[in-house]
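Chemist: Each chain is listed here by its residues.
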Amino acid sequence: MKKGTFKGGVHLPGYKDMTQGLGIVTAVIPDKVYIPLSQHIGAPCSPIVQVGEEVKKGQKIGEGKGFVTAPVHASVSGKVVAIETREHPGGNFVPCIVIENDRREEWEKTIKPRSNPQDLSPEEIRKIVFEAGIVGMGGATFPAHVKYSPVEGKKAEVVVLNGVECEPYITSDHRLMLEKAERVVAGLQYIMKSVDCSKGVIGIEDNKPDAIEVMEKAASGVPGIEVMSLPEKYPQGSEKQLIYSCTGREVPVGGLPLAVGVVVSNVGTSVAVAEAIEEGKPLIERILTLNGDGVKSPANYSVRVGTLFSDLIEQSGGYTGEIEKIIAGGPMMGKTVYTDSVPVIKGSSGVVVYKKKEQEVFKERDCVRCARCVDGCPQFLEPTTLMKLAKRQQWEEAEKNYALNCIECGSCEYVCPARIPLLQYIRRAKQEITAINRAKANK
Amino acid sequence: MVYAVISLAVMGAVFGVILAVAGKKFAVEVDPRIEAIQKILPGANCGSCGYPGCSGYAEAIVLGGAGMSLCPVCGSDVAQNIAQIMGASVDEKTSQRNVAQLMCAGSTGKAKPLYKYEGIQDCKAVALQYKGPKVCNYGCFGLGTCVASCPFCAITMGEDGLPVIDREACTGCGVCVRECPQQVLQLAPVGQLVHVRCSNKDKGKDAKAACEVACIKCKICEKNCPEGAIKVVGDLGSSIAVIDYEKCTNCGICVEKCPTKVIEKQEPVDKEGCRNTDEIAAEASTGCALCGACKE
Amino acid sequence: MNNQGNLLTVTPSPHLHSSNSIPAAMRDVIIALIPAFIASVYFFRISAVLVVVTCIVTAVVCEMAAQKLMKREVTVNDYSAVITGLLLALTLPATVPLWVAAIGAAVAIIIGKQLFGGLGNNIFNPALIGRAFLLASWPVATTGWVTPIDGVSTATPLGIIKESLGSELPNLTDMFIGNIAGCLGETSALALLLGALYLIYKKHIDWRIPTGYLATVFAITAVVGMTKGQGLSYPVFHLFAGGLMLGAFFMATDWVTTPVTKKGRVVFGIGCGLITVLIRLKGGYPEGVCYSILLMNTLAPLIDRYTKDRVFGGGKSHA
Amino acid sequence: MRDISIIVISAVLINNIVLSQFLGICPFLGVSKKVSSAVGMGLAVTFVLTFAGMITWFVQQFVLIPLEIEYLQTIAFILVIASLVQFVEMVVKKTSPDLYKALGVYLPLITTNCAVLGVSILNIQKTYGFLDSVVNSFANAIGFTLALVLMAGIRERLEDADIPASLKGLPISLITAALMSIAFMGFTGLI
Amino acid sequence: MRDVLKLGAFLLIVAGIAGLGLGYVNSLTAPVILAQEEENKISGFQEVYSQAEEIKDESAKYLPDGADGIVREVNVAYQKGTPAGVIYMVEPKGYGGEIQMLVAFDIATKEITAIKVLSNKETPGLGAKCGEEFFSERFQNKSAEGVLELVKQEPVGDNQVMAITAATITSKAVVEGVNTAREHFVSNFL
Amino acid sequence: MNLAKTFSKGIINENPLFRLMLGMCPALAITTSVENGIGMGMAFTAVLLASNVVVSLLRRIIPESIRIPCFIVVIASFVTITEMVMHAYAPALFESLGIFIPLIVVNCIILGRAEAFASKNGLVPSVMDALGMGLGYTLALVTVSAVREVLGAGTFLGIPIIGLIDNPALVMILPPGGFIALGCILALLNKMQQKKAQSN
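Here the protein sequences come in this chain order: A, B, C, D, E and F. If you read the first sequence in this note's numbering, its first letter stands for residue 1, the second for the next number, and so on. If you read the second sequence in this note's numbering, its first letter stands for residue 1, the second for the next number, and so on. If you read the third sequence in this note's numbering, its first letter stands for residue 1, the second for the next number, and so on. If you read the fourth sequence in this note's numbering, its first letter stands for residue 1, the second for the next number, and so on. If you read the fifth sequence in this note's numbering, its first letter stands for residue 1, the second for the next number, and so on. If you read the sixth sequence in this note's numbering, its first letter stands for residue 1, the second for the next number, and so on.
Derived by calculation from the structure, the hints in this document are not laboratory data. Each residue gets a CB set at the ideal place from its N, CA and C atoms; glycine is no exception. Worth double-checking, as some hints may not be accurate.
Below, in silico cross-link-like pairs of lysine-lysine (DSSO-like), each with a Cα-Cα straight-line distance of 27 angstroms or less [to be verified]:
#1 E:Lys152 with E:Lys116
#2 B:Lys116 with A:Lys391
#3 B:Lys116 with A:Lys356
#4 A:Lys363 with C:Lys71
#5 A:Lys127 with A:Lys217
Here are a few chain D residues that sit away from chain A, every Cβ distance over 12 angstroms (derived from the structure) [claimed, not checked]:
#6 Ile4
#7 Leu43
#8 Phe51
#9 Phe58
#10 Glu68
#11 Glu70
#12 Lys101
#13 Gln125
#14 Thr127
#15 Phe130
#16 Asp132
#17 Glu159
#18 Ala161
#19 Leu190
Here are the in silico distance ranges between beta carbons for each label pair [claimed, not checked]:
#20 D:Lys126 with E:Asn188: 24 to 32 angstroms
#21 A:Gly318 with B:Gly252: 32 to 40 angstroms
#22 D:Gly129 with C:Val152: 45 to 53 angstroms
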């Protein structure tokens, strides 16, 4: 068991005590599910069912064109009652398929356990992963089969499983590893097979000693798989930082992990892969932590995709009082939603609810150049410089200072004593730079 | 004394010759017209002409044959002057300048809020969060990106959360129009006093639900306009009342008839023509830049 | 059930913020300076108290007045003016006339800080500007050194070396504890180190600058000491003498006026060390800490420009 | 011959031409908005100043003194410098387009840079020999460049600063120069 | 080419006229300037050594190696044809540069008659005070035979001089100048 | 433009130092005493006046392409004359102004006035222009030097000021003081102008 970590980053309070000891609870299956047609990075899917059509659980109801896409499946059996644009946890409005649950829980008939999961070829594994609609479940929602597909001239040498879970409040991966350790390891083996490599690393932060123990037990006797305990630091779970922590390799600027021979997947993704291959199940369910001082009883839920946040909150006994904000995801990188009638999607690892408090309002001050943001940036950028360039609207200069390399982890803003919304300024710069580059490309 | 005269004279001569030779051999041909044109341009460097600043435009006119009336800030007299310098004639530009108009009346309290926004005060940033903080997806966010962008300081943020355009100071350069992520600002001739202060193209019911002062596509204005100048254009679910500025006579009947009071008539401004370029330059200039170039 | 019709707040991430704040950090710096203050009161008695109080009060009043005059938000509650006043006081001798100290504090706050736009925008360390201004204006009043406790007029250890006039050098223990002539805050290396440890523990200062600074001074004086045949006591003497400890831990580490890049901070520290030794050994003034930091302050923007850190995954930032 | 290192240290640090002798203030305040142009201007001044130091020394020693017309120093030097700048511009343009690109814009500005004339006259006043004159001219130019580039770095940073309106531009630059000058006082006595 | 010649000729004339004018003014002012400098020097000498009947610059004789070191000039004051005093011009290095000063000795009394700082580049208000009377008085009538010593407190010994407050380096330089002149005086005139 | 205006513009509206920001070097260097300021201002005015007169008289004769060198020769001659006269009749002032007397040659104001005014106007306006500019510059120098001398030396024109003479802020007559004084005066003038603009 080695210990490695990356440079930069910040130490966050965990806020995990509330839920890390709680077993996974199956969430109430709602009467209606709202399945967004965009649950992955890439163009949204088009519906392949019509309003009024009866669907089975696990039936494909939306698919997209091209390679970087992932189909969506019905998470309950029932009737499609509407296809409408609704708010999405990603901060925008997206077409959703609304299914009224007939409570029959009837599986699509093609879905059944596979008898020979060990004999599948890499191509077959990727095909199953694609058909199951599996995307990165840590939150990035990048279609998994794309990651596992070979790239000309690049060879995967290590598969890194991300069991870091560095976001405060979120314990879903932690519980998953405790309760489905075998599945995690099995999924890892399938992924390793699909990318044709013999080495697998499961990276877990040392604030989860029980998970490390369980995973080590599960992995013992499996050749090529190693569990790594990583020091607790944010954003250890960011892909590039995790690769560095586990392998000492640096993903080059603008490059993909495969450039250094690494494929990264979340432990949740690994379980989904295992379930898709062994049982034939598409991705219609995931583990989610509901946490924060705004909910009465925080919990780890196993929840169907398409369940509204409000359903989960109700199951947890409702709000503790007037609430300030609801965050889809963790507090560092998650997005706030303006209503609780937002559906759970494949990438929803958690929902955090903040209670309204009479807190002192912090005003933005002039930068005092304390350089905490510079020291904290895991990408070695100078957030304060980028902020100043963004304020002056010097987008080209910002690009030259690698604004696009920002992974939006928020470490800089977290540590800033002047309370400058650094990340927001950098995001503005990225927005403009991307627009300028797109305009250039179109010319 | 004799030496003084001789040596100084010699030095003077040598110096004169060197300078004369240098002047001949290395004279950089600067077209005097560029300077002349640059002088009459406003010098605010807003970039509305599509060239990098006023000097860039002046150069483009002389060297690149760019159009002579591209400066939206200047009036026809300036274009005429440029033409005179270039020894060409120019098409008569409309003598009325354009000014920016806000096509939204959804002030705080009238437009329903969707959420409470906290973060940097920049419309483009808030646009990423559920298309802005109001239920209406077409309206003004009120975070003042236009205010910051105006090179002439003609826009201020009103107390009701909507920007106020000083139509006297506005030069119609169009920078704010380009910067507004909601495209809720438009250029219109300064003499056009009647405007539809809404951009919501949703169905009447939805629009009304989002904002008290929304165009509900009732077509009352269309029916009442004596000139046929106002029409609800677009398909069902994506339509809005639009005034044809060519036809509109500012009679104000639509203003009275509109049930949601979304059509508004402004007071006329004193000066309709283009603003004096010297005046603009005085406002826009930051004084001597001390580049040292003037000492050359 | 949208939470009783209450509007939710939407903000871009992150939604978590550390408890870091400028006032909190400044408060810690003040706490860290308390041992040095106590030491100065012990050694120089009531005059130390008077100088410190004068400087702090003037600094705070000037900050308020300047911000009021410029119609800006008054930010004296961030304690930065208090620190400036305190630091300035610690760089002055106990015998300084109080009106001189007050002018120094006023110059530090107004010219050194507020004219540039207040905290965060100043180029130079305000306290050092105040001190350098006083030193240039009233050289006699600001260099009236007295011995601790009994207050007999004498020279500082560095002054003794520089001017080589009579008096004997104090021993190193006295210098470490602070039983020597000098400015209020620079006499006791022990008290300063205590405060510095607190700041390092609280992570308010970066180890790079003080380490670079002290190591450079030590290395060069060690070589010089070797050639003089004085061995290790010479560099140790230089470490404890004058304002080096105060400068290295409390002035050269000032956030606002030092580089933000990691490499830059090392360069800054080394530069301070070089100039300090240069002035001490070759220059006209006995002590060079104040000027070395001011000079490096002028260089800080360029250091930042040319010491951009490597970006994760390769690639160097452009200036 | 005096110690060259003393001349250099004195010209660059102690009696910095800008910060303590007040020569070349106009370009120091005018061309210090950006580091890149400050470097360009610094190079151009270094180039011209060194040459001017050389040539005016020759003019003084081999023309003015033998003819006993030292009183024509000012007028002779200014003519020499003006021609020199023209000449340098011509030569640079012909021989090195790259150098011309870097220095070109700044060259004409140097004619009226009082630093060039000032240093040339000071060389004579201090009765420097040829080598000393050249070294002194070069060192002063370096001092000028140093002050200029430092100032440019600071002014780039001040761009983000929220400076009170009445201080923006020249006043704050002058105050910055004052503080730089105070800092440079640390070098006094350093020889 | 004609152009060039024409312009050259014009400048030639302008410069010629300028030269003429300057030459004329110079012919008027040069003697005045010369006379003034001469007067300045003599009055300087007078101040430090008033009893002289005639003062001769004998640097060539007494400084065989030229003006090496900090002694620049040796002027001998004659009384009734015999040397009665010596006036040195020395340039010790001070804080901001050389301090040009006169030191005068009387051969008979073997004492310093007076010193005078002609020019200095010391810090105004500090070292620059070395030119003031209160300081130069401290050297008056000191014996030329012992080495002068700089002290910070009121002098106790005969050969001690009190430094200017907070300007030790300048004071040291002046004392060094006096001591150097003194050595030369002792070895050449006593 | 009438003559009075030609004269008065140099004093306030187009003050060479405070408005046109020209001639900064001497304004920083020699303003350690009011006496120096007056002396410099007078020397400057003399040169400006003489060169303006000559340039104005010769303005029709001087060929366009070599006017700048001609101006320089004229200016340099007058500077040299001023230098010689001062050396002869005001040696103390000559000493304290030092190198900044010959440097009047490269003072941009003189060349600037020759180029911008005298070469385009007749004798009388040129004289008024020179006098106005000269007076304006002198006043500016006196203002700066008064601030520096009073604060830095505790005297005004050499007369001690009670209360300041004992402990003057020496730094004001040192190089940094020049920058501080000029910077603060300019800032104050800016402030006054902004106030004026607001009240209008």
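Chemist: It remains to establish, for every hint, whether it holds in the given structure.
Modeler: Checked hints:
| no. | hint | in the structure |
| --- | --- | --- |
| 1 | E:Lys152 with E:Lys116 | holds, 21 angstroms |
| 2 | B:Lys116 with A:Lys391 | holds, 23 angstroms |
| 3 | B:Lys116 with A:Lys356 | holds, 13 angstroms |
| 4 | A:Lys363 with C:Lys71 | holds, 18 angstroms |
| 5 | A:Lys127 with A:Lys217 | violated, 30 angstroms |
| 6 | Ile4 | holds, 40 angstroms |
| 7 | Leu43 | holds, 24 angstroms |
| 8 | Phe51 | holds, 36 angstroms |
| 9 | Phe58 | holds, 47 angstroms |
| 10 | Glu68 | holds, 60 angstroms |
| 11 | Glu70 | holds, 54 angstroms |
| 12 | Lys101 | holds, 21 angstroms |
| 13 | Gln125 | holds, 45 angstroms |
| 14 | Thr127 | holds, 48 angstroms |
| 15 | Phe130 | holds, 46 angstroms |
| 16 | Asp132 | holds, 43 angstroms |
| 17 | Glu159 | violated, 7 angstroms |
| 18 | Ala161 | violated, 8 angstroms |
| 19 | Leu190 | holds, 30 angstroms |
| 20 | D:Lys126 with E:Asn188: 24 to 32 angstroms | holds, 30 angstroms |
| 21 | A:Gly318 with B:Gly252: 32 to 40 angstroms | violated, 54 angstroms |
| 22 | D:Gly129 with C:Val152: 45 to 53 angstroms | holds, 51 angstroms |
Consistency note: the structure conflicts with the earlier hints numbered 5, 17, 18, 21.
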